[in-house]
Structures are given as structure tokens and as C-alpha cells.
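Colleague: Chains as they are written, first to last, in the working numbering: chain A, 6 to 284; chain B, 124 to 528; chain C, 590 to 887.
Honestly, the hints are just simulated from the structure, not real lab data. Any given hint could be a false lead.
Said to hold, decoys possible - Calculated from the model, a selection of chain B residues having no Cβ within reach of chain A, i.e. all distances over 10 angstroms:
#1 Ile272
#2 Lys458
#3 Ala488
Claimed, not checked - Straight line, CA to CA, 20 angstroms or less: simulated SDA-like cross-link-like pairs of lysine to any residue:
#4 Lys100/A x Lys658/C
#5 Lys501/B x Ala488/B
#6 Lys178/A x Leu218/B
#7 Lys98/A x Ile632/C
#8 Lys138/A x Lys658/C
#9 Lys292/B x Phe239/B
#10 Lys138/A x Thr152/A
#11 Lys775/C x Glu177/A
#12 Lys229/B x Gly609/C
#13 Lys275/A x Leu715/C
#14 Lys91/A x Ile631/C
#15 Lys15/A x Ile632/C
#16 Lys497/B x Asp448/B
#17 Lys229/B x Glu194/A
#18 Lys712/C x Leu774/C
Idealized CB from N, CA, C, for every residue including glycine.
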Amino acid sequence: MNNKFGRLAKPYIIWLYIFAVAPAIVMSFLIFTDMEGLDLANLKMTLDNFSQLGEKSTLIAFKNSFLLSVITTAISIVLGYLVAYKLFRSNFKNKFLILVILILPMWSNILLRTEALANIMESNNIVTTFLNKIFNSNITFPQLRGTYFSVVFGLVVTYVPFMIMPIYNSLEKIDRSVEEAALDLGLTEMQKFWKVILPMSSKGIITGSIMVFLPSLSGFAIPKILGSGNIVMIGNVIEELFNNMNYNIGSLLAMIILVVILFSITIVNKVDKEGEMLL
Amino acid sequence: MKKVIIELKNVSLSYDDEPDVPIVDNISLQIYENEFITLLGPSGCGKTTTLRIIAGFQKPTQGQVIIDGKIFNDIPPYARPINTVFQRYALFPHLNVLGNVKIGLKNRPTSYLIDFFGGRDKIEELIKQDKINKGVAEDKIKKASYFEINKKVNQLIDEAAYNALKLVKLDGFENRKIEQMSGGQQQRVAIARAIINRPKILLLDEPLAALDLKLRQNMQYELKEMQRALGITFIFVTHDQEEAMTMSDRIVVMNNGIIQQLGTPEDIYNEPVNGFVANFIGETNIMRGKYLYENHISFLGAEFDCLGYKFEDGEDVDVVIRPEDWDVVPLENAKLIGEVTSCIFKGVHYEICAMFGEQEIMIHAYETPKVGDKIGLKVDPYEIHLMKVAREEPVSDQEGQDNLE
Amino acid sequence: MENNVQNLNDVPVAKLSDYGYRDYHVLAKIWKVVSTILVVVIIFMIYLSILIIALQSFNSSSDVLSFNKFTTYWYTHMFDEPSFATPVRNTFIISVAATLISTLVGTLVAVGIHYSTKRFHQKIMLLNNIPLLNADIVTGISIMLIFSLVMKIPGLEYIFGFPTMLVAHMYFCLPYVILNVLPKLKELDSNMMDAALDLGLKPIRALIKVIVPSIVSGILAGLIFAFTMSFDDFVISYYTTGNGFNNLSIWVYSSIGRKGLRPYVHSFSTLVTFGSMVILLAINFFMGKKGVKNGKKH
Numbered sequence: 006m007n008n009k010f011g012r013l014a015k016p017y018i019i020w021l022y023i024f025a026v027a028p029a030i031v032m033s034f035l036i037f038t039d040m041e042g043l044d045l046a047n048l049k050m051t052l053d054n055f056s057q058l059g060e061k062s063t064l065i066a067f068k069n070s071f072l073l074s075v076i077t078t079a080i081s082i083v084l085g086y087l088v089a090y091k092l093f094r095s096n097f098k099n100k101f102l103i104l105v106i107l108i109l110p111m112w113s114n115i116l117l118r119t120e121a122l123a124n125i126m127e128s129n130n131i132v133t134t135f136l137n138k139i140f141n142s143n144i145t146f147p148q149l150r151g152t153y154f155s156v157v158f159g160l161v162v163t164y165v166p167f168m169i170m171p172i173y174n175s176l177e178k179i180d181r182s183v184e185e186a187a188l189d190l191g192l193t194e195m196q197k198f199w200k201v202i203l204p205m206s207s208k209g210i211i212t213g214s215i216m217v218f219l220p221s222l223s224g225f226a227i228p229k230i231l232g233s234g235n236i237v238m239i240g241n242v243i244e245e246l247f248n249n250m251n252y253n254i255g256s257l258l259a260m261i262i263l264v265v266i267l268f269s270i271t272i273v274n275k276v277d278k279e280g281e282m283l284l
Numbered sequence: 124m125k126k127v128i129i130e131l132k133n134v135s136l137s138y139d140d141e142p143d144v145p146i147v148d149n150i151s152l153q154i155y156e157n158e159f160i161t162l163l164g165p166s167g168c169g170k171t172t173t174l175r176i177i178a179g180f181q182k183p184t185q186g187q188v189i190i191d192g193k194i195f196n197d198i199p200p201y202a203r204p205i206n207t208v209f210q211r212y213a214l215f216p217h218l219n220v221l222g223n224v225k226i227g228l229k230n231r232p233t234s235y236l237i238d239f240f241g242g243r244d245k246i247e248e249l250i251k252q253d254k255i256n257k258g259v260a261e262d263k264i265k266k267a268s269y270f271e272i273n274k275k276v277n278q279l280i281d282e283a284a285y286n287a288l289k290l291v292k293l294d295g296f297e298n299r300k301i302e303q304m305s306g307g308q309q310q311r312v313a314i315a316r317a318i319i320n321r322p323k324i325l326l327l328d329e330p331l332a333a334l335d336l337k338l339r340q341n342m343q344y345e346l347k348e349m350q351r352a353l354g355i356t357f358i359f360v361t362h363d364q365e366e367a368m369t370m371s372d373r374i375v376v377m378n379n380g381i382i383q384q385l386g387t388p389e390d391i392y393n394e395p396v397n398g399f400v401a402n403f404i405g406e407t408n409i410m411r412g413k414y415l416y417e418n419h420i421s422f423l424g425a426e427f428d429c430l431g432y433k434f435e436d437g438e439d440v441d442v443v444i445r446p447e448d449w450d451v452v453p454l455e456n457a458k459l460i461g462e463v464t465s466c467i468f469k470g471v472h473y474e475i476c477a478m479f480g481e482q483e484i485m486i487h488a489y490e491t492p493k494v495g496d497k498i499g500l501k502v503d504p505y506e507i508h509l510m511k512v513a514r515e516e517p518v519s520d521q522e523g524q525d526n527l528e
Numbered sequence: 590m591e592n593n594v595q596n597l598n599d600v601p602v603a604k605l606s607d608y609g610y611r612d613y614h615v616l617a618k619i620w621k622v623v624s625t626i627l628v629v630v631i632i633f634m635i636y637l638s639i640l641i642i643a644l645q646s647f648n649s650s651s652d653v654l655s656f657n658k659f660t661t662y663w664y665t666h667m668f669d670e671p672s673f674a675t676p677v678r679n680t681f682i683i684s685v686a687a688t689l690i691s692t693l694v695g696t697l698v699a700v701g702i703h704y705s706t707k708r709f710h711q712k713i714m715l716l717n718n719i720p721l722l723n724a725d726i727v728t729g730i731s732i733m734l735i736f737s738l739v740m741k742i743p744g745l746e747y748i749f750g751f752p753t754m755l756v757a758h759m760y761f762c763l764p765y766v767i768l769n770v771l772p773k774l775k776e777l778d779s780n781m782m783d784a785a786l787d788l789g790l791k792p793i794r795a796l797i798k799v800i801v802p803s804i805v806s807g808i809l810a811g812l813i814f815a816f817t818m819s820f821d822d823f824v825i826s827y828y829t830t831g832n833g834f835n836n837l838s839i840w841v842y843s844s845i846g847r848k849g850l851r852p853y854v855h856s857f858s859t860l861v862t863f864g865s866m867v868i869l870l871a872i873n874f875f876m877g878k879k880g881v882k883n884g885k886k887h
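Here chain A stands alone, though its shape is the one from the complex (with noise of 0.2 angstroms):
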């Protein structure tokens, strides 16, 4: 009887096919071809696309993405940590609006988000004209728009949200008893958290920073905005490609990124089997 529902998911898996697999396809496939486009009547079997990594404008936007999201992801961890925990900690247990809280920024266009944050990284910008009219001051803030510290900032306030709900998530399924366990048994407060119930929420940590850490890794308007062109990350480098219809590299270093993303995959797979980290 039960399988009748069983089958409503069918169509769901052809349709994950469709969009999810058959496009990592098409990428391998033109990873080795040449054309302009998706000219596929003048297409050429060819080797030269490889070549593009060794070219120091790819190495340089590699290593930007690397290091910047791994450092985006160490400050979110820390950050969205303390804010999990304390939310856990507190007596404010409506799961439901700690969500809103965090989810109500995205309700702004990301790129107006992006633009209003580069607004203040200017020396003068909205905010200190806007405190110079009142105070008749003469306030200027460090120029920090098109510094490594700009994009940083700017990924961390983006994204720690999609950290602090997955740790929020696996605190709350730390069973009560199992902490006064740990107290009862002479660990401090502080020795039960480090070795306890920092363990038992390390799936959060890693769920969360996989959330954290492939947006990082792949975005390209936050660098472009923030970083007005002295920082270039791989998405940049993507845009590009794919707007001036060159697929064929573009694909090669999507491919690169998609490869990241599924290691990703499976790695939450393995600590989540059931997705419940997730949200």
C-alpha cells in the first residue's frame, strides 16, 4: 500500500538527473572540446583548454578563493559558535524565530546587501555624512573597500547565518541527561564543554562549514563588489569565461569547483545521513 506513495518521488529523481548529473556531463565534454558558444556544427577535439591553469591570473584567483573562504570559515566557526551556543543556552527556545532572525537579511537583494557593506568600507560614505549632518563633525572611516579584509568581512556577515543554524541544530539534539552525565562524573563546566558537548555538535561544525565554506569558495559577487577588481576569485574568473561564450574553459574550472562541491557531498552524507543539519 505504502509503495504507491513510494512512487510519487519517481519523477523527482529523473528531474535530478536532468539537472544536477546530465550538466557535469555535458561540462566533461566540453572541457575537451574548443568552439565559441554551444556551436556544436564547428566544434574541435582539443587538449589546450588544460593549459588555462597554469596561467598566473588562474593560479592567483585559485588561491584567493582557497584562502579567503578558508579564512571566512575559521572566523564563521568561532562567530557562529558562540552565537548557536548562546542561543541554545538561553531561555529563548522558539526555533522559529531565531530562524527569522537569521534568514530576514537574505529578504534584501544580495547585491544591494553587497553594495550597501562597500557603501562604508568607502573613507566617505552614507554613514558619515549622514554623522556629519548631525554632529556638524568631520568623521571619515578607513577606506577598506578593495582590501582582503572588505571581501572577508563581507563573506563572513553572508554566510555565518548558514553556520549557526546547523551548529543550533545539532546542540538541541544533545540529550540533557548526557551533559549532567558529564558533571556528574567531575568534569567542570568548562571541561564538559570541550569534551563533551564540543564533540557531540562537531556534525554541526562540519555541516555548517561546508554551508559556509563552497558559497565562499564560489562567489562572485561579493569579491567583485567588495573587492572593486584588486581581488579576483575563481567565480570571477567564471563570469567571465562564460560571458565571452568561453564555455570550454569555463567548464574546466566549473568542473574543478564541482569536484570540490561533491567531496563536500559525501562528506556531509556521511556525518548526516538524513540531512537534519542542514536547516
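On the provided structure of chain A, position chains B and C as indicated by the hints.
Modeller: For chains B and C alone, coordinates are given in the frame of chain A:
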């Protein structure tokens, strides 16, 4: 005179949102060294809360917790000489069996551990022995370094862990993951994890509730043995009166946050102080009777001899007779004659229900009367137990203890 | 009573130091205050951009970098420029359509996954993570490539635009609905469906009457997630649109390039943020009341 190890003095606990509804209501209780005491009562009676107050997980709103002659109200659980076996075991899923057992000792300061394992001299002596065994000449042995002492302490923790696991019959399971263990095995890990710390008091919060009957009976026996072998106080919480009877030196019967009765299993079974205890401990018949004069009582329209109770002449009393204490006799010898309403085979005996006028009586007997038959009953004087007629207010523990004496 | 009090005076109070522990409760209190301040600062940082957008929305000058005078002009003249009104309308059409379809389909798929075999379950959950975790740019390019191939089919040359963007949005919204609904299904009593069927309900009716009401909170959470992701999306929309079909983020992106960002965008954004805050708080209030009712029933 036995030494008191824990004393609760007028301990009460209520939650902020309902200050008028105490979970634990003015409990006073003395627990002795090396005894097996059980808190028994239905769910919500305050027994687990009492245990949590002793363990330090909850602070009493009123009253004092005195452990080993000191007030412990403000001492956190980790500093109390108490360990707990939790109802759902509460094992650490990220550690293996050995890790779970060792975690308590491993996180203590070295100075504590040195004392725990018999003092610095003893540990230095052990290190010296090791070196001699390795063939180092005795006059060449230097004083043990900090690292050597640390290493030895870790080695002693390992030994203690293996011994604890041996005691709960889990040797060989050291490297198993918790999720690979059955409920009964997890239970044993929880016990090993607690006793390795050599607590003065072990608290057990319904530890057998999740086990199946056969395993539960084995564990009852083993726990009792363990308590004797370790020579420490066990405070056991259960709602299962049979479990309490089997294992305890003394039983504390609780209801509505109040101690109803405190005594040995025999006392509580044979001399319940009120209807709640009588009903909660086994099946029973409670009838209204009249205390005629010394050692004479009348109930169900007949007069009986009784022994050892003192009431006012003519006072109303509650008469308690256990189903197995009735003697079924031929009608001509019977004091009471009733009509059988049901007769059910219970394995060893039959459970017979019969009406005596308005009163239904339950009898455990080997006879098999048919429904509608007349049945004749007699009862020996020493099987008749009398209680004061229950008032509106539940009987407080103080009075309960008075009645016992 | 008197007696007790006298006795207690003789009983020493235990100290932490007697048991080999140091008393850190002063330090713990300081940390509590410091960490609370830190959390407030972090939340403030997450909201910093929103606050700046709000400030910009009241700026009389069109120069985004300098504040001139306080005005509400942009709120009243938000849609005066048709080149802005159209992308906003498109954004809402896409988001609402993608959210509703994804919620309906996603719920059915989740029920399907719940009642399917374990192997199928694991396989589909693995694939389901791809849209969720894949980089937006890779997802965007992937879907674009697929539709570029579809475009080669005669009659489908002009597929890019509304249909492609809708499909793309459904693609990344569905996993959110599924992941929110599945845990609720797992919490259900496994006999509930059998009981309903046993009582003679047809499977579809049983689904609507028995299962859906018990998982409605998960469906709602999925819906909110899906709408948020769809509404916020830029990269995937950017790659899957065409033929002049723009949504808000694409419009903003090109405006940034032309330095043409005008404060009415900020007014609109601020309105949406605070409007949705009110709606979500109302939902929370409504759900909270229901929760209390349910709680009392048990």
C-alpha cells in the same frame, strides 16, 4: 549506631511558574553509610527530583542537603562524592566504551588523582618497582619525575577502567562503540563509568526500567551483590514495588512530593501506615472497621481478634488484609461468608473475588470455587493490620515514622 | 523547627576548594556578559547592511555615498520608473510561482521518499544535496547549458526567459521543502497511515486528511525557506534568464555597473524586509498560539 552519610533537612522544591505546587514538599530523610535505600512511588511523586537534588542537578528552593556532615546546597554536581546511573544511561556517543569509563578520572587534576591512587609515596614506590622489574639497579634509581608520575597515573586509570569493566562483566568490550552495545550492555557501561570514581554514594534513577523482565531480574541480583562488594551507599529510584522489595535495606514510599512511609521492606508490606502505601505495595483489601476494645476489632459484621494495635475503644479504623492472608475454610467454620464473583487462574494460585455484603474482597487461594458459589473465610489475628482512618490531608512523614515505632 | 535551625548552625558549609576545584563563578559571570555583548555585536553585523539600506532609503540625494536630507519621497514614488517596476513584478511572479509549485511538489516528493525503500531513500538524499550545496555559479551554468541544448530543438529557440528562470528556481527551492518536510514525516506515528487506510480512506484522501495536517509546520518552514532563497537569488537567475526578462537582482546588478542605483531600490528593499518581518512575526504568533493549544490537549 550507623553513620549518616546524607541528610535532607526540610527540603522543598517548586518551580518558578508554579510556586504553590511543590514537586518535593518538606522532605526530611537520613541515609546511612553502606545501605541500599530505595525511593519508591508512582511517576510524578517527586522521587526522581529528590535524587536530582542529592546529585546537585537541581537546587532545593528550601532546606539543606547535608553530605558527610557538610551543607552541600551550593556545591555543583562535579564536586560531590556522588555518581549517578541515569535512566537512559546518558553515555557519551562520541567515545568508545573505555573512553566512557575513563572520562571521569581522566579529567581530574593530577593532585586529586595522586591522592585517589594512594598518595605520592605509593605511586613513587610503584614506579620504583617497575624500574626494578625492568632490571635497573636499585641504587641507580632517581626520584620519579613529573612525567613519570603522570604516566603512572594514566596507567593506573587504565587499570581502574579495566577493573571496573570486569566488575560489570564487560571485559573484552573496551573498544566497542556505544551504538554497537545492547541496552543491557549500555547499562553496565553506565554503572562501570560511575563506580570507577569510587563515589561514596551511587544514585540509580530507574536504571532497569528499559530492560526486559529476565535481564531485569538478573541485574537486580547483580546490583545488590555489587553494593555489598563495593560497600557504598546505593540510592535507587523505581516505581516497581517488587524491585524495591527485592533489593532494598530500606524503602522510602513517596507520593505527591511527600514521604508516605519509610522502613524495611517487611515493615512497609506488613504494616502500611495508610491506604496509599497499602495499595501501592502489592494488592490489598482495605475495609472500614471499629476498634472495640483491646485486641478486638469488628468489620464486615463479624468480630475478630487482633494483635498489637492501640486505638481508642469504639474508634473507626481501616482494616488491611492482604489477599494471600485469608484462609478459605468450610462454610461451617467460616467467620465470613460471601458469594464468588470471579475466579482467575494466576499460575501459582487462584485470584478469587467475592462479595461480602457491599464489600468486594480479593483472595489468593489454591481452591477453585465456581462463580456464584458461597465461600467461607477466616483470618489469623496477626494477619490483621489496622490503620488510622485516612483524613483529607495526606499523612506526613513525621507521623509515618511515629507509627512505625 | 527551632531545633533544626540550631543544628544547622553547627553544620559547616562545604566549599569548592575542599574538593580540589577552583571557584570560577566570578570569571563565569564576566564571560557571560562579554559573550552576550559579542553575540549582540555579531547579530548587529549580520544586520548592518540592512540598516545601511534603510538609511539610504531616506536619503534625498541620489548619490549613494553622501547623505543629504531626510526624505520619504522615494517611498511614495517607488514605481514611478517603469524600468524598475517591471523587474520587481517579475521577481514576485517568479518567487511566488516557484515557491508554490516547489512547496506542493516538494511535499509530495517528501512523502514519496518517506515511503520508499531505504536504498532509494539514500540515493535520492545524496542527489538532493547537490542543488542545495552546489555553488550558485555552477548551478546557474549547469542549467544554462542544459537549456542551451534544449534551445537547439526547433520551436524552442526562445525558451530563455520566464520558463527557464522558473525551472531554475524550482530546482534549488525543492530541496529546501523536502528537507523541512521529511523530519516531520519521520516524527509521525508510522501506523497512522495504515490506520487511516484501514478505516477505508482512499490513499489520496488519507494523505490530505491525515498526513498533511501533521506536517504542516514543516511545509510552512519549507515554504518560507524556498521563498527566501528564490527572492534572494542573483547568480542562478543571471545565468538562466534571457530575451529581456529581468528580475530585481539582475536589474540591480546592471544598475551597479551603470552607477544607476537610485534610493527607491533601497526603499523597496526596506519595505520588503520590515513587511516580511511583520508577516513572519504574525505567523510565529499564530503558530505559538496553536502550539499552546496542542500542548494543553496532551
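Colleague: Of the hints stated earlier, which fail here?
Modeller: 4, 9, 10 and 15
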